[in-house]
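Student: Using the sequences provided together with the hints, build the complete structure.
Residue numbers (the working numbering), protein chains in the order written: chain A, 116 to 326; chain B, 334 to 605; chain C, 8 to 110.
Do not rely on the hints blindly, as some may be mistaken.
[Said to hold, decoys possible] Pairs of lysine-lysine, DSS-like flavour, derived with a Cα cap of 25 Å:
id, chain 1, residue 1, chain 2, residue 2
1, C, 61, C, 83
2, A, 236, A, 221
3, B, 368, C, 26
4, C, 53, C, 83
5, B, 463, C, 13
6, A, 236, C, 39
7, C, 90, C, 13
8, B, 604, C, 13
9, B, 604, C, 26
10, C, 39, B, 604
11, A, 252, A, 217
12, B, 398, B, 454
13, C, 26, C, 53
14, B, 604, B, 463
15, B, 391, C, 13
16, C, 74, B, 463
17, B, 454, A, 161
18, B, 428, A, 161
Just so you know, these hints were derived from the structure itself, not from any lab. Note that this is a predicted model, so its numbers are computed, not measured.
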Amino acid sequence: MRTFVATRVAMMISAVGVVLHGCASAPPETDDAAARAAAMMKSSFKAHGQATLARLDQDETQRLCSEYAGRPLPAPIVERIQKANLATIRYPGDNNLVGDWKAGEKIAQSGQGFQYSDDPKGPAGANCYACHQLSPKELSYGTIGPSLYRFGKLRGYTDETRRYAWQKIYNAEAFAACSSMPRFGYHGILTEQQIRDVVALLVDPASPVNQ
Amino acid sequence: MRKTMQSVAAAGAVAIVAATGAPALGQSTSDEIAKYREALQDGNPAELWEARGEAMWKTPRGPAKVSFERCDLGLGPGVVKGAYAQLPRYFPDAKRVMDLETRLVWCMVNQQGMTEAAARKTVFGNGSEKRSDLEALAAYVASQSQGVAMNVPIDEPHVHDMYRLGEKMFYYRGGTHDFACATCHGDDGRRIRLQDLPNLTKTEGAQKAYTTWPAYRVSQGELRTFQWRLNDCFRQQRFPELEYGSDASIALTAYLAGRANGAAYDGPAIKR
Amino acid sequence: MADPMKIRANLVGDSTEVKVLMSHEMETGQRKDAQGNVIPAWFIQKVTVLHGDKIVLSAQWGPAVSKNPFVSFRFKGGAKGDKVKITWVDSRNDTRTDEATIA
Chain A
116 MRTFVATRVA MMISAVGVVL HGCASAPPET DDAAARAAAM MKSSFKAHGQ
166 ATLARLDQDE TQRLCSEYAG RPLPAPIVER IQKANLATIR YPGDNNLVGD
216 WKAGEKIAQS GQGFQYSDDP KGPAGANCYA CHQLSPKELS YGTIGPSLYR
266 FGKLRGYTDE TRRYAWQKIY NAEAFAACSS MPRFGYHGIL TEQQIRDVVA
316 LLVDPASPVN Q
Chain B
334 MRKTMQSVAA AGAVAIVAAT GAPALGQSTS DEIAKYREAL QDGNPAELWE
384 ARGEAMWKTP RGPAKVSFER CDLGLGPGVV KGAYAQLPRY FPDAKRVMDL
434 ETRLVWCMVN QQGMTEAAAR KTVFGNGSEK RSDLEALAAY VASQSQGVAM
484 NVPIDEPHVH DMYRLGEKMF YYRGGTHDFA CATCHGDDGR RIRLQDLPNL
534 TKTEGAQKAY TTWPAYRVSQ GELRTFQWRL NDCFRQQRFP ELEYGSDASI
584 ALTAYLAGRA NGAAYDGPAI KR
Chain C
8 MADPMKIRAN LVGDSTEVKV LMSHEMETGQ RKDAQGNVIP AWFIQKVTVL
58 HGDKIVLSAQ WGPAVSKNPF VSFRFKGGAK GDKVKITWVD SRNDTRTDEA
108 TIA
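Tutor: Here's what the structure looks like:
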């Protein structure tokens, strides 16, 4: 059978050693696989609604994090990423970082926004519960990120805590290079008011998170 | 092996741990969900798609009035037994590495005489009025690999290259949310809300995941394939839309199927 | 004509165990389509199982039964080679009857 012969030929070529790399582990970056993979991705996707092809363009952080994925990040790269992301953080003009925790809870519960199946006009959620525990009343929470239960209570109800919460939500990679957490402020996923509300969910003493 | 269950009756009951202070949900809820899933195995509606696919496989179709019995999935024309477990593979006649779905489309176009557009008209079904022939065919072909050890030819040069590219894509951070496949599937013990996520970077996780697709998705009311799974992951990652049968979809499939090598194929399964 | 049912009937001790998978949308009438229009209700209302000419199961279903229903039940009696006949009728008065042999 033709298929059988083709397979035998392929096996013989392998045996002769034409294949240079083993498939068991990620080899060091010695070829253009990353560039070819990126090109192949771009030609394999199509724009759909609000999800344009531009979304496949990586910023420096995404590019570095993809390059080093699956291996430890060298310290200089960590510093470079964190410094660059810290510099992107914007603060509200009135310096008020804390909003309404009730609104924050709704934002934390909602996973809507930015998918091509979502209403582009609708408000986005932050989908915090997808990855984190927050209010103890919500049993359906994820474990991709650490528990945020008693976030404010444990750190103290201080300006420092409020500011840290704002920064972390705005751009998590300012503190953890290549964090899995979306950069909500940097990417414009949440509005200024929405970030205030999520901060409140975390730092307001009356918030269920701190009960 | 698919398990048979005694009763399906009150299988929906899930034990919820009462919350006092900071509850650790963990094991008891996970266990109950696992029991519920086991109870669902019996009477998997995937069998309805398998039956439809089997009938379709043997029926002459398209302008050329040819059945799939001439379609070579890698083990010879018309050979279905064990075929799914060795896909994706390189096909010299197409000069391309193909997964099951792209190979089916290729046979529809090159043997049955359909246009590419006609073959791909409905790739993901939606109800009894809008059915996907490809989903039924995939269910049937996959069912014929039940119990067969995954043996994707990842050392064959073309497949090997796609495997490496797929691995790079698995770690590709992008979109508005900086997500990559690895964001959800790159480590142990991850869960999104209450849905446990397999760690696809480890052999055990990759094997459990890949060997259970295609699957009947209860929430969809449809039999869904691996092409669908990839497409829907990228939608949720806030990426643009992954094209059906595209190079990237095949590269990722080569990577993930290859990582499952050695495990017995266990589908079509049933999922939430 | 609706898709055939998948039926398995096996002798277990002095009973027959029947498992049947039906192909049906089982639309509740509560769902809306992408345009916001209600998708009309369409579901199996009556299920009858005959062993010979004896009714061994009779059921009246409503929209609470999910899509592609699976039913598993036992009845006393039956012998290898006997026929089990299952009929459903839905809210549009469509019907489907399929038969299986007890193994």
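Student: Among the hints numbered above, which are violated by the structure, and what are their numbers in rising order?
Tutor: none
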